[in-house]
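Q: These are the residues of each chain, in order.
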Amino acid sequence: GAGVSQTPSNKVTEKGKYVELRCDPISGHTALYWYRQSLGQGPEFLIYFQGTGAADDSGLPNDRFFAVRPEGSVSTLKIQRTERGDSAVYLCASSLGPSGSYNEQFFGPGTRLTVL
Amino acid sequence: AQRVTQPEKLLSVFKGAPVELKCNYSYSGSPELFWYVQYSRQRLQLLLRHISRESIKGFTADLNKGETSFHLKKPFAQEEDSAMYYCALSESWGKLQFGAGTQVVVTP
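As you go down the protein sequences, you meet chains A and B in turn. Positions 25 to 140 (the numbering used here) are the ones given, in order, by the first sequence. Positions 260 to 367 (the numbering used here) are the ones given, in order, by the second sequence.
These aren't lab readings, by the way, just hints derived from the structure by calculation. Heads up, some of the hints might be wrong.
Unchecked claim - Only part of the chain A face toward chain B is listed, based on derived beta-carbon distances under 8 Å:
#	residue
1	H53
2	Q65
3	G66
4	P67
5	F69
6	D80
7	D81
8	P122
9	G132
The structure presented is a predicted model; accordingly, all values stated were derived computationally and were not measured. Cβ atoms here follow ideal geometry from the backbone N, Cα and C, with glycine treated the same way.
Could you build all of it, start to finish, from the sequences and the hints given here?
A: Below, the structure written as structure tokens:
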């Protein structure tokens, strides 16, 4: 079956611009996670959705970052006034329910964001 | 605050030799620990989880609460084991905190 998909796979933008990154989770998965992976680091948690609501957005670095999941399926991560430090691979993951030892998180291929 | 430490950035081993990837954690509660693997040009995927106490692709990992460690081991490395390995700790509802990762290179 289809796994988690993310678009675009690569995004190059200029400092100060607005970008949107999209995640299509596995059908039926109610939990959705966004992570950010900078070069040489492990993925870093950004936000978690259970259904349509953001259950934990404690990882969003500042108010330039925002994410939505209006119908409980597709999610969009939005970054305003991009900065060079936002350059990273943005990963999305989904799981059947709130993840833990019994619900595996399935990762997408990531979107590589480059801010010039 | 919880934290996951993988002290080795790169581990180079010969095919057939044992391999051990170190992972130490700090967590105030009862930890849920995982190993994730990323093969070249593939997406991040779960390798194993401590609660299932299973062996996947010949790898095992034992949770040692006294030493706060969750080291990953395989007795005989294979070339297909070359990959990036991440140790991760989960809070109860699944937010994962990852270590910085260890690149494993298995040479013939």
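Q: Of the numbered hints stated earlier in the document, which are not met by this structure?
A: 1 and 7
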